[in-house]
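If you're matching positions, the sequence shown starts at 1 in this note's numbering and goes up one per residue.
Everything labelled a hint here was simulated from the structure, so no lab data went into it. Do not rely on the hints blindly, as some may be mistaken.
With a straight-line Cα cutoff of 30 Å, these simulated DSS-like cross-link-like pairs (lysine-lysine) come out [to be verified]:
1. K85 with K46
2. K13 with K85
3. K46 with K64
4. K64 with K85
5. K13 with K64
The structure presented is a predicted model; accordingly, all values stated were derived computationally and were not measured.
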Amino acid sequence: PYGSDAAVEFADKSMEAVSYYAIQASCDLADERGAYETFQGSLWSKGILPLDSQQILIEARGQKYIDVDLNETLDWAPVRARVQKGIR
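Given these sequences and hints, build the entire structure.
In C-alpha cells, the structure reads:
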C-alpha cells in the first residue's frame with residue numbers, strides 16, 4: 001500500500017535521488033552557460049540546498065508544524081560545494 005512504511009521509505013529515497021541528480025544537472029548547465037541571473041546572494045550560492053532549507057524552516061516554525069524525514073542517504077557534501085559555483 002502507498003502509505004506503508006516501505007512505500008514511504010521508497011518515496012523518500014527515490015525523490016532524494018531525483019533531487020540529487022537534478023541539482024547536479026543544473027550545475028552542469030551552469031558550467032556551460034553560467035549561473036542564473038540572480039544567483040549571487042541566493043541560498044544556492046551559500047551552498048544551502050532544499051534539504052537544508054527544510055531544517056531552517058523547522059527551526060523557524062517549530063518541529064510540530066513540519067513533519068519531514070531529513071535523513072540523507074546520498075553524499076550531499078560535494079553537491080553543496082558545487083552549487084556555490086553556480087546553478088541554472
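Hints versus structure:
Proposed proximity of K85 and K46 is supported: the alpha carbons are some 9 Å apart, at most 30 Å. Under the criterion of a C-alpha separation no larger than 30 Å, the hint pairing K13 with K85 is consistent with the structure, at around 26 Å. For the given pair, K46 sits about 27 Å from K64 by alpha-carbon distance, which is consistent with the 30 Å threshold. Between K64 and K85, the direct Cα distance comes to roughly 35 Å. Violation of the 30 Å bound is thereby established for this hinted pair.
The hinted pair formed by K13 and K64 meets the criterion: a straight-line CA distance of about 23 Å does not exceed 30 Å.
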